[in-house]
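Q: Here are the chains, one letter per residue:
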Amino acid sequence: MATHTRYAPDRGLTVRITATLFLLGLVFVAFVALLIGIMTAAHASGAAIILVAVIFGGGSAFISLFYSDKIALAAAGAHEVSPQQAPELHGIVDRLCALADMDKPRVAIAPARMPNAFATGRNSKNSVLCVTEGLLYHSGLTQEELEGVLAHELSHVAHKDVQVMTYASLLAIVAGLLVRFAFYSELFGGGRRGGDNGQAALLIPLIMLASIVVYAISFLLIRLLSRYRELAADRSGALLTQNPSALISALTKVSQGMNRIPTQDLRAAESLNAFYFAPAMKLAGGRGGGASLSALFSTHPSLDKRIEQLTKIQRELGQVDSGPRGLR
Amino acid sequence: MGFLDTILGRTKPVQPKLDDLFGLPSAAVQLEAATGFKPTGSGSVSFRAPEGKPFADIQKEVLELLDMDNGKPGGGLPVEVTKDSYGYTWLVVSHMSDEIDALVTDLHAVNSALVDGGFGPQLLCTLVAFTDDSHRRLSLVYLYKRGTFYPFAPLGGGNNRDNALELQVKGVLGDDLKFEQDLTRWFPVWGAPGL
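First to last, the protein sequences are chains U and A.
For the first sequence, the numbering used here begins at 40 and goes up steadily by one.
For the second sequence, the numbering used here begins at 15 and goes up steadily by one.
Please keep in mind that the hints were generated in silico from the structure rather than gathered at the bench.
Quick caveat: nothing in here was measured; it's all calculated off a predicted structure.
Careful: at least some of the hints might be erroneous.
[Said to hold, decoys possible] Just so you have them, the derived chain U footprint on chain A, three or more residues with Cβ under 8 Å: (1) 31-39; (2) 54-68; (3) 129-140; (4) 175-184; (5) 196-207.
In this text, a Cβ means the ideal position worked out from N, Cα and C, and glycines have one as well.
Kindly generate the complete structure, drawing on both the sequences and the hints.
A: Given below as structure tokens:
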């Protein structure tokens with residue numbers, strides 16, 4: 040039975056996410072091929088460095104994924120709240136989860152005054168949704184706006200964004216470690232190199248150079264992916280609550296709040312930036328070229344982009360249904 | 015959510031399951047025989063009203079449809095529309111306490127009208143109220159997205175629920191109705207209209 044749906048998929052966003060992932064995969068394959076090439080050149084110290092970097096990088100990524108909920112809660116100083124302690128908040132999350140047919144994440148509150156929210160955890164059973172006291176009490180959000188924010192965060196959980204971003208970052212982590220290892224082995228291993236080991240003098244800088252290039256490219260791609268996933272979460276969240284207007288006004292309020300907060304508070308929150316509702320730290324980008332550069336590096340799309348997309352959904356919801364196949 | 019949806023960061027709206035709702039009348043008979051709880055005759059449908067005119071139009075149509083047979087035998091009272099503090103809209107349908115078949119038919123009419131209009135994903139839950147001789151309150155809540163029922167028995171004025179009674183009801187009806195096995199999804203609906 041073809042179910043009648045009113046939701047037109049956002050093909051543009053799908054294409055952009057696919058292209059980003061494809062490029063990341065391409066860099067990954069090229070990098071692995073290069074590393075295997077270097078390792079099969081039977082150079083012991085090079086192979087060892089690569090192996091150690093892969094094990095360390097993979098290990099640390101796995102640990103951070105596995106404990107992502109605990110790490111994030113600890114970093115934010117948040118504590119879990121029971122339905123008795125925060126009945127309103129739980130009530131909203133309960134209903135949204137029932138509407139979306141998803142497992143309910145644990146709910147936590149962080150003491151920060153900055154209005155923000157994040158969701159993290161390796162899978163839907165182990166995820167936690169955290170909001171700051173600033174968002175709940177000091178941001179002046181109405182219940183509908185708060186609901187929009189929570190729906191955005193629940194969409195991150197549904198999209199398994201923590202997992203996807205961890206896997207996507209794996210390459211950058213390994214490449215970053217390789218740069219460091221190769222650098223140290225150049226520094227400290229240089230004296231031990233004999234005359235027959237002339238290859239090493241060439242190979243280790245080569246690993247370093249390749250790693251730097253891979254790190255830079257994958258860093259940019261990951262940031263790009265992160266921005267697309269924010270847009271995807273905005274979209275899913277707005278479609279879940281069917282109230283894009285509330286999400287727009289929440290975004291505007293929260294973003295204005297961000298600009299008013301003193302900097303030392305912001306710096307303390309930087310480590311959680313990628314999972315936040317709105318970025319806690321603004322990159323020091325000025326006008327013109329500076330602004331576009333900061334847009335390239337930031338984990339979140341600009342407020343304008345997010346509002347533009349939500350306005351499109353707003354229009355779609357207001358349109359009269361044109362037939363049994365929905366809008367398109 | 016499939017693998018591809020995860021990779022692409024998109025969610026498909028979840029369509030509601032409506033059919034299991036029709037198990038209610040026979041379950042109500044069984045519930046009364048085993049626990050003494052009788053239907054009060056009122057039930058409600060809760061959904062998230064989207065912004066925009068298309069939905070407002072459909073909601074108006076539904077109300078007109080339901081109120082057409084007012085006053086006739088089995089027609090019941092006019093439908094009440096309320097918006098709760100969480101922003102969900104509740105349509106409360108009231109019948110005589112022995113007309114649970116008519117009640118379920120009315121609730122289903124609301125559901126199918128919304129689904130036909132393409133608003134199926136907006137349905138949250140439906141609730142049918144029961145009470146016993148000592149005026150304890152109980153409701154059976156139907157979760158559209160899961161197609162399952164769970165009991166909700168509020169206690170007193172505060173936010174307390176009678177878990178023992180709820181589990182008793184699950185024991186009585188567990189074989190007849192499709193019950194929600196995951197207890198974490200038995201979410202409370204304090205102060206729900208029609209309770």
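Q: According to a criterion of three or more residues whose C-beta lies within less than 8 Å of a C-beta of chain U, is the segment 196-207 of chain A covered?
A: Answer holds; 5 residues pass the 8 Å Cβ test.
Q: If you count the residues of the segment 129-140 of chain A with a beta-carbon closer than 8 Å to a beta-carbon of chain U, do you get 3 or more?
A: holds (count 10)
Q: With a C-beta cutoff of 8 Å, work out whether three or more residues of the segment 54-68 of chain A approach chain U closely enough for the coverage to hold.
A: holds (count 7)
Q: Counting residues of the segment 175-184 of chain A whose CB is closer than 8 Å to a CB in chain U, do you get three or more?
A: violated (count 0)
Q: Would you say the segment 31-39 of chain A counts as covered by chain U, given the rule of at least 3 residues with C-beta under 8 Å?
A: violated (count 0)
When held up to the earlier numbered hints, the structure conflicts with 1 and 4 and fits the remainder.
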